[in-house]
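Starting from the structure of chain U, add chain C where the hints point.
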Amino acid sequence: MTEIQRTDPRTGSVLILSSEGLTVVRPDGGRGFIAAPRGYSLSYFEGGINVVARGEAPHDGWWDWHFEPDLDAGAFRRLGPAY
Amino acid sequence: MKSGHKLLGLCLLVLSACIGAAAPAPAAAPTAAPVAAPAAAPAAHKSDPAQLEADWWRDNRWRYQNDDEANAAYQRLLVQQSPWPEWHQVQIANLPAGLRFQMALAPGQPTDKPGGFGTYDLIPNVHFVRYRLAVKVAWKPAIDRVVTYEITDPLPADTGTVGPQIDTDAGHYLPGGGSQFEMKVPASERMAHLKIVAVRPIQ
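One line per chain: the protein sequences are U and C, in this order. Under numbering that gives the first Met the number 0, think of the first position of the first sequence as 0, with each following residue one higher. Under numbering that gives the first Met the number 0, think of the first position of the second sequence as 0, with each following residue one higher.
Think of the hints as simulated: they come from the structure by calculation, not from any bench. Keep in mind that this is a model prediction, so the values were computed, not measured. Treat the hints with caution; some may be incorrect.
Unchecked claim - Now the in silico label distances, taken between C-beta atoms and shown as ranges: (1) ILE15(U) x TRP86(C): 43 to 51 Å; (2) ALA92(C) x HIS58(U): 21 to 29 Å; (3) LEU77(C) x ARG37(U): 25 to 33 Å; (4) GLN90(C) x ASP27(U): 49 to 57 Å.
Unchecked claim - So these bits of chain C aren't anywhere near chain U, every CB distance computed over 12 Å: (5) GLN50; (6) ALA53; (7) PRO84; (8) ALA96; (9) HIS192; (10) LYS194; (11) ILE201.
From the three backbone atoms N, C-alpha and C, an ideal C-beta is built for every residue, glycine too.
Extracted from the complex, chain C is given alone in its bound form:
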């Protein structure tokens, strides 16, 4: 019985190979899409203030008991620009040695002078930095590289989810939702906890 199955399988394998060799290659086959396709291109249009608020409202109104509370939260976001969502609970943890993370850098920013925020997510492109990490243009006008760092000495940090932002300069609602942590050591001490693993360009 088993040998019969093997013989049948072999015949099917040979047959499928013959059919495949004889079949014409499809033009512009869409099957070559990369597994980890980059996020869509950034929105080219600049939304007006009403649209920006509507976009935020769509995602966040439900968090508040009434419209007045939601409006107040929106105004707080505009003024305070907290990098954390309002529901964030501060959790300072010592990130362990060996943990790797990524950080987007600006042109001219030395890799040994990292910013204060990192992410556990793979950063595929600038669009991801803007929208998932909610980095406003005013905070980092240009981005050209991603650095993978590894923690070499326990690093105290607040860890959580990226909060939404309203980028009024760019006219974009940035939903956030990526992972992030904020280092809780003086800037001059950051590299004492880190080593550089890799650097790659992004667009």
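The shape of chain U in the complex, shown without the other chains:
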């Protein structure tokens, strides 16, 4: 049921989701890892390669958030609250 793998259409990299972060497998075979934002565990892919992460504490009143991985920067960008 859980889809834990997506392909980034821009780079062709395969992204494998775990609670701790995204493993990035590039087309040339190279690998990288983008750690989940501090205080969050990744839950599932939603909307392309964006993820929903669940928080250990609320941020701006919301516990769960959508994040977008920046494969070049190796970090997540907060998008908005998740229900």
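What follows is chain C alone, placed relative to chain U:
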């Protein structure tokens, strides 16, 4: 007297059965409507910002002393997107073991990684999630299942009524009004308080 009534009742019963058997079946009888009919289909049109504000104004203007206060409340809603109505009073309660609730899940969302909000209402379809639970598309772009959970260990939660939302992306005013609670435990601890009772698809 009583036996006379019984005899009359029996005759009427037989007569009505005969009439019913002889009568032609009505075409497309509308009497087969389900008891719990699902809510109407979502509005297909996308309202412009003025219409969205007018829709909110129709339901909520009365709560404020004047137009300026109502306008300010509307702007707060657009910016802050509070899941609670402005009149909500925070009430943290320990929801007791045995209490069941429902939650709408997104495609790919594991049932053992629930979100932070539940409802005591029956969720019949996605339209209900959008309009009565006021879940904006940006918050949950797709919904495909409903999970019924049961609380197994007292769960601290803020409980109340779903507040309205303005879904500017979808162009819809979401009136809310359903029941909801927000779990007040870290996400990683949610399932320690819950067990899954049932999972069903919705559209």
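Hints, one by one, checked against the model:
| no. | hint | result |
| --- | --- | --- |
| 1 | ILE15(U) x TRP86(C): 43 to 51 Å | holds, 45 Å |
| 2 | ALA92(C) x HIS58(U): 21 to 29 Å | holds, 23 Å |
| 3 | LEU77(C) x ARG37(U): 25 to 33 Å | holds, 29 Å |
| 4 | GLN90(C) x ASP27(U): 49 to 57 Å | holds, 55 Å |
| 5 | GLN50 | holds, 23 Å |
| 6 | ALA53 | holds, 25 Å |
| 7 | PRO84 | holds, 14 Å |
| 8 | ALA96 | holds, 22 Å |
| 9 | HIS192 | holds, 14 Å |
| 10 | LYS194 | holds, 18 Å |
| 11 | ILE201 | holds, 15 Å |
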